[in-house]
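For the protein sequence lines, the chains are A and B, in the order given. Mind the numbering: the first sequence is residues 15 to 423 in the numbering used here, read in order. Mind the numbering: the second sequence is residues 138 to 430 in the numbering used here, read in order.
No wet-lab data here; the hints were simulated from the structure. Don't take each hint at face value.
[Claimed, not checked] Pairs of lysine to aspartate or glutamate, EDC-like flavour, derived with a Cα cap of 16 angstroms:
#1 B/K344 to B/E179
#2 B/K417 to A/D329
#3 B/K196 to B/E236
#4 A/K311 to B/E145
#5 B/K417 to A/D204
#6 B/K388 to A/E117
The structure presented is a predicted model; accordingly, all values stated were derived computationally and were not measured.
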Amino acid sequence: MTILMLPNLGCPNKCAYCFARPVWSVANEMQVEALNIHAMIEKFLHIRGRVSSVCLHAGEPLALPIETLRNIFEALRSKGIRPSIQTSGYNLDKDEYIDLLAEYQVSVGLSCDGFPEHMSGRRKELAKIIIEAIPKLRSKGIQPSMLIVLTRYNATADKIDRLCEFYEWVISQRICGRFLFGHAPLFLLDKKETFELTPDELYFALEQLFFVARARRVEMQWSPFRDLILSLRGENRKAVCWCNPCDPYCNKACMVILPDGTLTLCDRQMQHGILERPVPEKYILVRQQVLPHTDCKGCKYWGVCVGGCPTDGIDGDWRRKTRWCKTIYKMLELLESLGYGKAPSPTRPTRAVTPSPTPRPPQIQATGRPHSDGIIHEDGDVLHADSGLLEGHWDGIEHTDGTIRHLDG
Amino acid sequence: MGDGMSWEPEPFSRIIWRWKVPYKYRTIVSRANRLAHWVEYEAVKRGLRKCDVVHIHPKDLPQRVREILRDGLVWLPIRTMKSVSGFAHKFYQPSSLNETLYYGVVAHSMDEAKAFLEAHQQIPCDHDTIGELLGYPKCCREFFCKTFPRGELDPVHLVDSSKGQDPMLCVSLRYFGLRIIPFFPCSFNCSKAKAFAEQWYKLMLEKDPFTAKGILELLTMPHKWSMVNAIIEVVTPLFIGICNGYVRYQKAELYWKGDPEYWKKKVPLQWHWYQYSLGKRPSIKELKSCMQS
Chain A
15 MTILMLPNLG CPNKCAYCFA RPVWSVANEM QVEALNIHAM IEKFLHIRGR
65 VSSVCLHAGE PLALPIETLR NIFEALRSKG IRPSIQTSGY NLDKDEYIDL
115 LAEYQVSVGL SCDGFPEHMS GRRKELAKII IEAIPKLRSK GIQPSMLIVL
165 TRYNATADKI DRLCEFYEWV ISQRICGRFL FGHAPLFLLD KKETFELTPD
215 ELYFALEQLF FVARARRVEM QWSPFRDLIL SLRGENRKAV CWCNPCDPYC
265 NKACMVILPD GTLTLCDRQM QHGILERPVP EKYILVRQQV LPHTDCKGCK
315 YWGVCVGGCP TDGIDGDWRR KTRWCKTIYK MLELLESLGY GKAPSPTRPT
365 RAVTPSPTPR PPQIQATGRP HSDGIIHEDG DVLHADSGLL EGHWDGIEHT
415 DGTIRHLDG
Chain B
138 MGDGMSWEPE PFSRIIWRWK VPYKYRTIVS RANRLAHWVE YEAVKRGLRK
188 CDVVHIHPKD LPQRVREILR DGLVWLPIRT MKSVSGFAHK FYQPSSLNET
238 LYYGVVAHSM DEAKAFLEAH QQIPCDHDTI GELLGYPKCC REFFCKTFPR
288 GELDPVHLVD SSKGQDPMLC VSLRYFGLRI IPFFPCSFNC SKAKAFAEQW
338 YKLMLEKDPF TAKGILELLT MPHKWSMVNA IIEVVTPLFI GICNGYVRYQ
388 KAELYWKGDP EYWKKKVPLQ WHWYQYSLGK RPSIKELKSC MQS
């Protein structure tokens, strides 16, 4: 489960394909009136279960005044909550923001679609800021991760070589992360051909990027490769949310806390504005009941992708399977042919979590010495602290304890 | 046309409210179902129609039957059915006593109740006679008899909209309790269905004017009803509602025009988001007006 806090609903970046656009228009008014850090934290503590960290997410968290950010980080620290942020790089050209992130040991996720020429859907200068900020962050002990949205702006056949160059540079910075399939939200469906790749184009791009990752032996550090491989092995629970059943109107994978402490749905549902999370929660996986009888009937990969993310549904309709079906299918065929796993039996919709018979060696060497920082964290679905609360496991998942990045083992 | 597949989703219905919707509307929705059931029974009691169907849980049976007899009516059990937490388009077989309901007919006389039972037991079911005993207009019964037996269990999208849409005849929000008439009209402007609705509405006003007026107000809400892959979704300015439908490979849709100007002024923020849900991008002018509100 991922828990996002949205202290800032507004965003100065105004990315062309942002699904949170319906919220921008009312954001300024709301955040000024409503920001209640303590209510947000109370809500987090109420719902967190085993989750020990929270991500400050879109709008753009770094667009908040630095003092407000400091107050948020301070309040989180006082409750023992580890903060992370997802940013498009806004204000990362200012040293005081980097110092603040370092001071509070904030995990930083960077949203960047490539070199500046790839950023037609975003402000181009943000790519420059991010590229320059990465060494600074690393010098302060922050190892960022990266989120790259694949669209027509950066991943068509004529642009993919340059994107692969960018990707190689990112890998060389020891950054892991994920590729997102750039999808048009409901209100941009009529314009989707301007930025959304076709399933064939997306497959072509993913295939190239996968072989870059494979050559550098980091395919298990990058989504969706890692997630598709895990799901092929029947370990969907360790994979990203869209490889698992999801009810878009009451999803368990992602919970979002608004500035006034209200709990809402996955941020992708902001394409509808803001919807309240139903109370009491009723988790009916109706989409997963329906799809095996309709759109996904007879598909050998049903148990692997379970129809994909509801917000990627055909014609923007969550009741349909993902419009990236063809892409995912071909990727799974590729991974299967390369021996990464095998489609589960059609009689078993999702396989039980089983250890990989031949664990792959660590792809990234542990950068930290044997350590014990006592911070509780999750490796896949194993909860442990390096002080030995739970020990003797290795799942090959790279993670960060405080500022130390390592692999168990 | 329905595809006649044997598979169907588990019954459910759910409302997902937009943020900051006035609580008044939530109260109305939470009360609406109870009021609708009261009116259906009361209409028989007052002689406005011959029969009504009543579901009774086994543990409530003695007391409920005594109440019916006290009202000068009779109750004839017809069959058992499963109690579902959502919206049932048809009967589901119960698997335990706890989830069992007795489905029966309430009438003024045993003859009328028996007539209902016989119509119910015919193969195929005699929907026309049942509709007549329930007091539904002939034209609307004919519409139902044409559509339901061919697999369209919920023919909302087949109701004629070409001559207008009267809020009193809206049936696309009934999964969430919001309705006045308990049947499918042949047209959303059917004069006979309208006359029926007015009688019904008067009764509702008598019992609970706040909820009755609120239901009628909500039925003026523009909304989009659609069914894909056996899931019904109704997108409105105040909420998104979902419930079980039936398997139909082609998408079925209905746009309820309602009174957009009223709702735009009433809930500007939610109206703004509603536009996005419909796949529209509001103009800068609309945006400013929303902000000012």
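A quick look at each hint next to the structure:
{"no.": "1", "hint": "B/K344 to B/E179", "result": "10 angstroms, holds"}
{"no.": "2", "hint": "B/K417 to A/D329", "result": "14 angstroms, holds"}
{"no.": "3", "hint": "B/K196 to B/E236", "result": "11 angstroms, holds"}
{"no.": "4", "hint": "A/K311 to B/E145", "result": "14 angstroms, holds"}
{"no.": "5", "hint": "B/K417 to A/D204", "result": "9 angstroms, holds"}
{"no.": "6", "hint": "B/K388 to A/E117", "result": "54 angstroms, violated"}
Going through the hint list in order, the structure does not satisfy hint 6, though it satisfies all others.
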